[in-house]
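*Asks:* Each chain, written out:
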Amino acid sequence: MLLPILGKTDNSALDGMDVELTFMTDRGAYMVSRSIEAGDGVDTVSINDEGEPGR
Amino acid sequence: MRLPVLASAALALIAPVGAAETPWQEVAPGVAMRLISTGEITDGGETLVALELDMPDDTKTYWRVPGETGLPLDLDFTASTGIGSHRVLWPYPLREDKNGYLDYVYYGHTVLPLAIDVTDPAARLDVAITLGVCSDICIPAQARFALPIFDKKPDRPSALRIRQALAEVPLAWDGSGEPIGDVEMAGEQLAVEVAPDLLDSQSLIAATDSGETLFGAPQKVRKPD
Numbered sequence: 416m417l418l419p420i421l422g423k424t425d426n427s428a429l430d431g432m433d434v435e436l437t438f439m440t441d442r443g444a445y446m447v448s449r450s451i452e453a454g455d456g457v458d459t460v461s462i463n464d465e466g467e468p469g470r
Numbered sequence: 009m010r011l012p013v014l015a016s017a018a019l020a021l022i023a024p025v026g027a028a029e030t031p032w033q034e035v036a037p038g039v040a041m042r043l044i045s046t047g048e049i050t051d052g053g054e055t056l057v058a059l060e061l062d063m064p065d066d067t068k069t070y071w072r073v074p075g076e077t078g079l080p081l082d083l084d085f086t087a088s089t090g091i092g093s094h095r096v097l098w099p100y101p102l103r104e105d106k107n108g109y110l111d112y113v114y115y116g117h118t119v120l121p122l123a124i125d126v127t128d129p130a131a132r133l134d135v136a137i138t139l140g141v142c143s144d145i146c147i148p149a150q151a152r153f154a155l156p157i158f159d160k161k162p163d164r165p166s167a168l169r170i171r172q173a174l175a176e177v178p179l180a181w182d183g184s185g186e187p188i189g190d191v192e193m194a195g196e197q198l199a200v201e202v203a204p205d206l207l208d209s210q211s212l213i214a215a216t217d218s219g220e221t222l223f224g225a226p227q228k229v230r231k232p233d
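Keeping their order, the protein sequence lines are chains U and F.
Take 416 as the starting number for the first sequence in our numbering and just add one per residue.
Take 9 as the starting number for the second sequence in our numbering and just add one per residue.
Hints in this document: simulated from the structure, not taken from any laboratory.
Think of the CB as a built atom: it goes at the ideal place given N, C-alpha and C, for glycine as much as any other residue.
Hints are supplied without guarantee of correctness; some may be wrong.
[Claimed, not checked] Label pairs and their computed distance ranges (CB to CB): (1) Arg164(F) - Met432(U): 38 to 46 Å; (2) Leu168(F) - Asp425(U): 43 to 51 Å; (3) Cys146(F) - Ser450(U): 31 to 39 Å; (4) Gly443(U) - Thr50(F): 32 to 40 Å; (5) His117(F) - Ala453(U): 37 to 45 Å; (6) Asp441(U) - Leu83(F): 43 to 51 Å; (7) Arg164(F) - Gly422(U): 41 to 49 Å; (8) Leu421(U) - Leu168(F): 35 to 43 Å.
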């Protein structure tokens, strides 16, 4: 999944930062924590709900 | 800010000794707030209290990360006695994309539990609260509550309301499998590996500890051919 980074942010400052990921499951809400890694430069294409390339 | 209207509500209404809830205070038109408590202290020295907001269904307040237009919750415990640190136990919020702005919100009746470390059985909470309340207009609603922590007759209805809210608070993942894999930068986006058989991918919310960086709604991704 791709989550857009909103607002004016120095994205390089996010490298190594911990991020909390919250989500719903059949058993309720859960969370995990991960460290943000620098990207490998591989291009990706996001797909919106209609199956078309998104923003 | 139109705080004078709220100033009277900010005057503390002191709960009687032993009560596990404060009187309601009107903090905005049609919106009332109170503090409720289990009245119990665990062997580990922790107690659970909660902010209970009685709001119309079209009125909202905000999550830990309020979003692009929301106001954060502010709790000032400096007038309290006999307590240590505290944690707000945030229920899973609604992600709202409205007029091009993304916020994380709760609508209608809302209970926000707080876990508080108690250092003295005679502890007394005295907390000043500011939080955003929005319907047609948004205001920083303010109130101050005082409440003893320990109750000789623990309040079952209040404890039940708090436990119901706790059921909506995300737990640390303890299931089998790995619902989330690596997280890495992908240009102006955050790329998150997910196991769609373990979670609802569209429910994914990312937030840093400070909440200063805001992440939008998740979008499906595929590698280009």
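*Asks:* Starting from the hint list further up, note which numbers the structure goes against and sort them upward.
*Replies:* Of the numbered hints given earlier, those the structure breaks are 4, 6, listed in rising order.
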